[in-house]
Amino acid sequence: MSEILDIVDANDRVIGSAKSKDVYAQKLLHRIVHVFVINPKTNQVYFQKRAESKSYLPGFYCTSAGGHVRSGESYEQAARRELKEELGLDIPVRKVHRTNFLLDGHDRFIELFVAFAEGGISFADGEVAGGGFLSMDDARQVIERGEKVHPQLDVCFRWLSANRAVLFPEN
578 MSEILDIVDA NDRVIGSAKS KDVYAQKLLH RIVHVFVINP KTNQVYFQKR AESKSYLPGF
638 YCTSAGGHVR SGESYEQAAR RELKEELGLD IPVRKVHRTN FLLDGHDRFI ELFVAFAEGG
698 ISFADGEVAG GGFLSMDDAR QVIERGEKVH PQLDVCFRWL SANRAVLFPE N
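In my numbering, the protein residues as written are 578 to 748.
Think of the hints as simulated: they come from the structure by calculation, not from any bench.
Check before you lean on any hint, since a few could be wrong.
The following label-pair restraints were derived from C-beta to C-beta distances [to be verified]:
hint, residue 1, residue 2, range
1, G697, K631, 20 to 30 Å
2, R717, D599, 31 to 41 Å
3, P669, N620, 17 to 27 Å
4, D599, G697, 35 to 45 Å
Pairs of lysine-lysine, DSS-like flavour, derived with a Cα cap of 25 Å [said to hold, decoys possible]:
hint, residue 1, residue 2
5, K604, K631
6, K661, K596
7, K604, K725
8, K725, K626
9, K631, K598
10, K672, K661
11, K626, K598
12, K618, K661
13, K598, K661
14, K661, K631
15, K725, K631
16, K672, K626
17, K631, K596
18, K618, K672
19, K661, K626
Cβ coordinates follow ideal geometry from the N, Cα and C atoms, glycine included.
Model the full structure from these sequences, guided by the hints.
Right, dumping it as structure tokens:
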């Protein structure tokens, strides 16, 4: 079943809605969220591996959780929903960044959130094959090697790396 997504203008104002398959076929501007789950005790970041059954980028590494903002949903609501669906976490999120992402002539707005948890992760919906907490340096090495990395992970991780002093003040 194709999700219904809001179509937005260059100022991120809703101008309509369409099925996700049509949004991608017509390269319509829409909204995406990504969440990094950070372990507050170790300052490690959780990275997921997408299930092999996913139609788009199966088996690729990605942010802790992420996905489309559905029609009528706020970015924060979508971030919390994706965390619950993908990792079984029902925890607060904090918006930390907003950017545009262009790939293959298709532009999207991305809002990046962080959440804090030491564990409690479970994979209930089959979208995630696994994952784990990694140090920033270990994560950077995985991304730089280009090991089946979702293109939006690279963009989000670059922001996280550049702003690590804000998120991890003791480092």
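The hints, checked one at a time:
1. G697 - K631: 20 to 30 Å: 23 Å, holds
2. R717 - D599: 31 to 41 Å: Because 37 Å falls inside the window, the suggested range holds.
3. P669 - N620: 17 to 27 Å: Once the Cβ atoms are compared, 18 Å apart, the range 17 to 27 Å for N620 and P669 holds.
4. D599 - G697: 35 to 45 Å: 36 Å, holds
5. K604 - K631: Roughly 20 Å between the alpha carbons, so the hint for K604 and K631 holds.
6. K661 - K596: The hint holds at about 22 Å.
7. K604 - K725: 23 Å, holds
8. K725 - K626: Holds, at about 9 Å.
9. K631 - K598: With Cα atoms ~14 Å apart, K631 and K598 stay inside 25 Å; holds.
10. K672 - K661: 17 Å, holds
11. K626 - K598: 23 Å, holds
12. K618 - K661: Distance of about 22 Å is within 25 Å: holds.
13. K598 - K661: The hint holds at about 23 Å.
14. K661 - K631: Roughly 18 Å between the alpha carbons, so the hint for K661 and K631 holds.
15. K725 - K631: Cα-Cα ~14 Å, so holds.
16. K672 - K626: 23 Å, holds
17. K631 - K596: Distance ~18 Å between K631 and K596 Cα, so the pair holds.
18. K618 - K672: 21 Å, holds
19. K661 - K626: Answer holds: K661 to K626 is near 16 Å, not above 25 Å.
Of the hints listed earlier, there is not a single one the structure fails to meet.
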